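Remember, the working numbering sits 17 above the position in the sequence shown when you count from 1.
Hints are not guaranteed to be accurate.
To be verified - Taking lysine-lysine pairs in the DSS-like style, the calculated list, with each CA pair at most 25 angstroms apart, reads:
(1) 60 to 92
(2) 103 to 60
(3) 81 to 103
Hint data in this document are derived by calculation from the structure and do not stem from the laboratory.
Model, not experiment: these values are computed from the prediction.
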Amino acid sequence: QVQLVESGGGLVQPGGSLRLSCAASGSIFSIYAMGWYRQGPGKQRELVASITSSGITNYVDSAKGRFTISRDNAKNTVYLQMNSLKPEDTAVYYCYAHRFQRYWGQGTQVTVSS
Numbered sequence: 018q019v020q021l022v023e024s025g026g027g028l029v030q031p032g033g034s035l036r037l038s039c040a041a042s043g044s045i046f047s048i049y050a051m052g053w054y055r056q057g058p059g060k061q062r063e064l065v066a067s068i069t070s071s072g073i074t075n076y077v078d079s080a081k082g083r084f085t086i087s088r089d090n091a092k093n094t095v096y097l098q099m100n101s102l103k104p105e106d107t108a109v110y111y112c113y114a115h116r117f118q119r120y121w122g123q124g125t126q127v128t129v130s131s
């Protein structure tokens, strides 16, 4: 079992930045692939970024060049640094952990608005 707790969401103006954190507990964090999905109003959930246990990253096209996913295995935490935020980035962001099965966090709201 893995428990995930996200934090760092909030309201930010267009062009601003936020850093989301996802703290994991309950298992050996370093062996899990981690990532972030988001679900905007009226939209399907989409994968935003992922990072393997060995540190290989992948991003949705709309996040490339603006978002950075990273992990700190010593702190059992994965991060999503989001820069140059746009109104279309508004969504609930969900952290996940995956190894044989997928675990989810409760989600954190990100609102980009002036």
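These are the hints, each one checked on the structure:
no.	hint	verdict
1	60 to 92	33 angstroms, violated
2	103 to 60	16 angstroms, holds
3	81 to 103	13 angstroms, holds
Violated hint: 1 only; the structure is consistent with all others.
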